[in-house]
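> Letter by letter, the chains look like this.
Protein chains: 2
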Amino acid sequence: MDFWYSIGSTYSYLTVMRLPEVERAHNVKFRWRPFDVRHVMVEQNNIPFKGKPVKAAYMWRDIERRAKKYGLSPKVPAPYPLPGLVLANQVAMVGVNEGWVEDYTRATYKRWFEAGEPAGEEPNLSSSLEEIGCDPAKVLAAAQSESIANALSAATEEAMKLGVFGSPTFVVDGEVFWGDDRLEDAVMWAQSIEK
Amino acid sequence: MDFWYSIGSTYSYLTVMRLPEVERAHNVKFRWRPFDVRHVMVEQNNIPFKGKPVKAAYMWRDIERRAKKYGLSPKVPAPYPLPGLVLANQVAMVGVNEGWVEDYTRATYKRWFEAGEPAGEEPNLSSSLEEIGCDPAKVLAAAQSESIANALSAATEEAMKLGVFGSPTFVVDGEVFWGDDRLEDAVMWAQSIEK
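Sequences listed follow chains A and B, in order.
Counted from 1, the first sequence has number 132 at position 127 by this note's numbering; the numbering is strictly sequential.
Counted from 1, the second sequence has number 99 at position 94 by this note's numbering; the numbering is strictly sequential.
Just so you know, the hints here were simulated from the structure itself, not pulled from any lab data.
The reader is advised that the hints may include incorrect statements.
Since copy identity is lost for identical chains, a pair holds within one copy or between any two.
Capping the alpha-carbon separation at 20 Å, the derived lysine to any residue pairs in SDA-like fashion look like this [claimed, not checked]:
(1) K74 / G184
(2) K60 / A160
(3) K143 / E107
(4) K55 / G76
(5) K57 / R43
(6) K73 / E189
(7) K73 / D178
(8) K60 / R43
(9) K34 / E180
(10) K34 / G89
(11) K57 / S78
(12) K80 / M165
(13) K166 / F54
(14) K57 / V47
(15) K73 / P25
(16) K73 / A154
(17) K73 / G184
(18) K166 / G56
Bound conformation, chain A alone (with noise of 0.2 Å):
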């Protein structure tokens, strides 16, 4: 099972930081997959919030309760847009080949959405990489460089050939379950194919 994700959506804070109890209470294990939603968004039209301030709204505080149920306190609304989504992936991308995406998504979330400091910049970067024992200097020029940003694009477009339009997205045996909400259904829909 895929978990694609980008840092930089809102609702996926609830499944990076929930992720691990719902692996562990059904015994299953997703491959964390970042990839560039922004790119797949502008690309499809699809622009969920920027310039609709009632349902964005609505959003924060939706996130806000739906926290609340699994334990969490965010502040929000946490700072939105995020100028740097595209770094912010891009070192989860060196995560991937590294072993350490799942640290450091987790950890890069807990700062933006429980310090207020936006994700993909300073100091969350540093920090969070810092956190979970890495050399940020490194990381980061690893990040930025031409291999780790065309294994970005790689992973978008291989997320638009699946039907991936947003994030957080769950795709199992090809089916495609978008949104924390569904995060269940993928595991029950697991399950059933197992069966």
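Starting from the structure of chain A, add chain B where the hints point.
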């Protein structure tokens, strides 16, 4: 608790069909509040599916999967969007006054989603009204009166003042819950207030 909806909304099919069971299971009662969601969306520049084929295809698949979970068998995609959206909801406003809004809404959605007959136009309108024991000619004349047009506009303004921006929406003591997938959250919210 108010159930704000527009006949013409796709996800509202799920709520319209399963609300009686949710009401029974949780011993709650919703007031059915038709409004003109298209007016709100145009006003707020919120265009969920038009020109977004990937998201629209996902929406139908998602409705199909969730419908199955609720024991429903819609033929998807149903005709969409509905040219007769306003008339469909004007008829519903007559039903609010005369006490058959819920029966009519369910009958017209059933024909729209299960027989492929668009709501808000013939043969769906007259068949649905006849099915619930109404005189189609009489109801359709009333539905197109100035007072009913005004009542639908007033309901739409009231919805917007509450922060409603889409359909279905549940409003419980000022808290707004958007989407069929928030119905249980709305019920839990109402029950937590009672305690």
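> Next, verify each hint and record whether it holds.
Here is what the structure says about each hint:
Taking the shortest alpha-carbon separations for K74 and G184, both the intra-copy value of 16 Å and the inter-copy value of 18 Å come in at or below 20 Å. Taking the shortest alpha-carbon separations for K60 and A160, only the inter-copy value of 19 Å comes in at or below 20 Å, while the best intra-copy value is 29 Å. Taking the shortest Cα distances, K143 and E107 sit within 20 Å of each other inside one copy (18 Å), while across copies they are farther apart (63 Å). Taking the closest pair of Cα atoms, K55 and G76 never come within 20 Å of each other, the shortest separation being 29 Å inside a single copy and 37 Å across copies.
Proximity of K57 and R43 under a CA criterion of 20 Å is satisfied in both settings, with 17 Å inside one chain copy and 15 Å between copies. For the homomeric pair K73 and E189, the shortest alpha-carbon distances inside one copy (18 Å) and between copies (16 Å) are both at most 20 Å. Taking the shortest Cα distances, K73 and D178 sit within 20 Å of each other only across copies (19 Å), while inside one copy they are farther apart (31 Å). Taking the closest pair of Cα atoms, K60 and R43 come within 20 Å of each other both inside a single copy (18 Å) and across two copies (15 Å).
When the C-alpha separation of K34 and E180 is checked against a cutoff of 20 Å, the pair qualifies only within one copy, where the shortest distance is 16 Å, while the shortest distance between copies is 35 Å. For a Cα distance limit of 20 Å, the shortest separation of K34 from G89 qualifies neither inside one copy, at 29 Å, nor across copies, at 46 Å. When the C-alpha separation of K57 and S78 is checked against a cutoff of 20 Å, the pair qualifies neither within a copy, at 25 Å, nor between copies, at 34 Å. Taking the shortest alpha-carbon separations for K80 and M165, neither the intra-copy value of 32 Å nor the inter-copy value of 26 Å comes in at or below 20 Å.
Taking identical chains as interchangeable, the C-alpha atoms of K166 and F54 lie at most 20 Å apart only when they sit on different chains, with a minimum of 19 Å there against 24 Å within one chain. Proximity of K57 and V47 under a CA criterion of 20 Å is satisfied in both settings, with 16 Å inside one chain copy and 11 Å between copies. Taking identical chains as interchangeable, the C-alpha atoms of K73 and P25 lie at most 20 Å apart only when both belong to the same chain, with a minimum of 17 Å there against 28 Å between chains. Taking the shortest Cα distances, K73 and A154 never come within 20 Å of each other, neither inside one copy (36 Å) nor across copies (41 Å).
In this homomeric assembly, K73 and G184 come within 20 Å of each other (Cα to Cα) both inside a single copy, at 17 Å, and across copies, at 19 Å. For the identical chains of this complex, K166 and G56 are inter-copy neighbours only, at 18 Å across copies versus 28 Å inside a copy, given an alpha-carbon limit of 20 Å.
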